[in-house]
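Sequences listed follow chains A and B, in order.
Residue 1 is where the first sequence starts when you use my numbering, and the numbers rise one by one after that.
Residue 1 is where the second sequence starts when you use my numbering, and the numbers rise one by one after that.
For the record, the hints were derived by calculation from the structure and aren't laboratory data.
Predicted model, so just to flag it, every value in this text is computed and none were measured.
Check the hints yourself; a few may be wrong.
Unchecked claim - If you want the footprint, here are the derived chain A segments under chain B, 3+ residues with CB under 8 Å:
id	region
1	130 to 139
2	175 to 186
Claimed, not checked - Distance ranges between label pairs, derived from CB positions:
id	chain 1	residue 1	chain 2	residue 2	range
3	A	N125	B	S156	41 to 49 Å
4	B	E27	A	N125	28 to 36 Å
5	B	E26	A	E69	54 to 62 Å
6	B	S156	A	S151	24 to 32 Å
7	B	W227	A	K143	48 to 56 Å
8	A	R128	B	E79	39 to 47 Å
9	B	E26	A	Q160	50 to 58 Å
10	A	E69	B	S18	14 to 22 Å
11	A	L139	B	L230	31 to 39 Å
12	A	S46	B	T57	48 to 56 Å
13	B	D46	A	N125	54 to 62 Å
As the list claims (entries may be wrong) - Anything over 12 Å on all C-beta distances counts as not near chain A; from chain B, calculated:
id	residue
14	N14
15	D23
16	R24
17	E83
18	A155
19	H165
20	S186
21	D188
22	I195
23	E204
24	W224
All C-beta atoms, glycine included, are put in the ideal place defined by N, C-alpha and C.
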Amino acid sequence: MDDEPNPVVLVVEDEPAVAESFELMLRGEYDVRVASDGEAALDALSDEVDVVLLDRMMPGMSGDEVLEELRDRGTECRVAMVTAVDPDFDIIEMGFDDYVPKPPTKAELRETVADLVERSSYAENVRRYHSLLSKRATLQTEKPEADLEASESYAALQAQITELEADLEEPNERLLDDAEFVGTLRELTGDESSGGDQ
Amino acid sequence: MTSMGTATRTELQNYDVSSFADDRIEELPAGTNLLVAGPSMMGKDDIVLRALAERDTDDQPAVVVTSNKNAAQLLKKLEAFDEPLRQQDCYVVDCSGTSGRGTFQETTSVKYVNSPNDLTGVGIAMVKCISDIGEDVRNGLGIGVLSLSTLLQYASENRVFNFAHVMTGRISTAGYLCLWTLDTSSHDDQTIQTIRSQFDYVAEVREDETGSREMRVLGGDPDWRTWEPL
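Given these sequences and hints, build the entire structure.
Next up, the structure:
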């Protein structure tokens, strides 16, 4: 892990003092970038950004509009809403991945960001697991068993699957949380729809 | 912050499934995901619904996700069993897309999702059901998903696999029991292999030479592996 770059967090916040406090809270473990409004946030967005902390109430583009634009662009970053209003489940239905109360404590902020980064890595593992299982299934349907048993690359594939399974089969407490569960589903089932209501 | 919603898990250790597989299996541990797989016209949905309806308990709620028939058809079917699931015990997520929103009012016990393609919507509806059930989830929650094949007709295999992975993850961590169905005549072998590797147990159903149905269950006790008439 040491040689991997720190995850990138984009803080979208119009009050410089608040943005700076977020930066201080996250410093060391994250590469923090700041955008002072919606337009600047969209300009600052790139594939490098892992997590966006989006203030809901900003002059110009609102947080909701920025989120919509982000989702339209098909970006893979996780987006948490920063809000002083006590949020409810509607926020998750709207397409946010989580929320941060304003003002957050250092622990709250770091926990939310860490959860969102971890969610992306879980999703990455599930995608990899699916691709390995499909590969194995193709081999199993195309080659006789004796050939497979003699094949080194098949044995290597099996080993990769077993290793990943051990990781993925750990009880995943995070999925007990409704917001986390729906956010993970949204990331992995990749549909645009934000829910059953229209 | 992840304190939204109630993270309810069950306090049950084992689920009574004695009506499933003709008394061969008495109980399944909390957190089990079981796939009922077989060709079409084998009554797989009925096997799942009966198992949920005839659990030896009064106070365990159930949620059924239905994509191949609408909520009204499903509830009618449930009434026909010996031990009907009382409506207040049974919650339905109707993602058949045929119920026509607007004509049906969302009620406490029935949630509508626009299309079987909206897998996130199914998850949201499921979470709403669990939240409406509230404290009773502690007594144990039985879930049926009918069927993975319909989902596979509307959404890519990739997305359905991921959906099943996140759902089974929640179910096993929370200690629910979930029975899923898959129509093996609708998909290629590779898809079936890939999907079924996610389940703790696979109950295979088939027809014998005389046209009677038989079942075996893989993943558990070796005694369950032999084909027996249903």
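Hint check for Q160(A) and E26(B) - Cβ pair distance inside 50 to 58 Å: violated, 37 Å
Verify the CB-CB distance for N125(A) and S156(B) against the hinted window 41 to 49 Å. At 19 Å between Cβs, range violated.
If I claimed the Cβ atoms of S46(A) and T57(B) lie 48 to 56 Å apart, would that claim hold in this structure? holds, 54 Å
Quick one: work out the minimum CB distance from I195(B) to chain A and report holds if it exceeds 12 Å, violated otherwise. violated, 9 Å
Range agreement (Cβ of E69(A) with Cβ of E26(B), hint 54 to 62 Å): holds, 55 Å
Determine whether the Cβ-Cβ distance between R128(A) and E79(B) falls within the hinted range of 39 to 47 Å. holds, 45 Å
Separation of W224(B) from chain A, once the least beta-carbon distance is taken, above 12 Å: Check passes; 22 Å lies beyond 12 Å.
Indicate whether the distance between the beta carbons of L139(A) and L230(B) respects the range 31 to 39 Å. Since L139(A) and L230(B) have Cβ atoms about 33 Å apart, the given range 31 to 39 Å holds.
A cut-off of 12 Å on Cβ-Cβ distance, and D23(B) was said to be off the interface with chain A. Does that hold? Given that every Cβ of chain A is farther than 12 Å from that of D23(B), nearest at about 30 Å, it holds.
Does the Cβ-Cβ separation between E69(A) and S18(B) fall within 14 to 22 Å? Since the Cβ atoms of E69(A) and S18(B) sit about 55 Å apart, the hinted range of 14 to 22 Å is violated.
May I ask you to check that S186(B) keeps its beta-carbon over 12 Å from the closest beta-carbon of chain A? holds, 16 Å
At the C-beta level, are D46(B) and N125(A) separated by a distance inside 54 to 62 Å? Once the Cβ atoms are compared, 36 Å apart, the range 54 to 62 Å for N125(A) and D46(B) is violated.
In this structure, the earlier hints numbered 3, 7, 9, 10, 13, 18, 19, 21 and 22 are contradicted, and the remaining ones agree with it.
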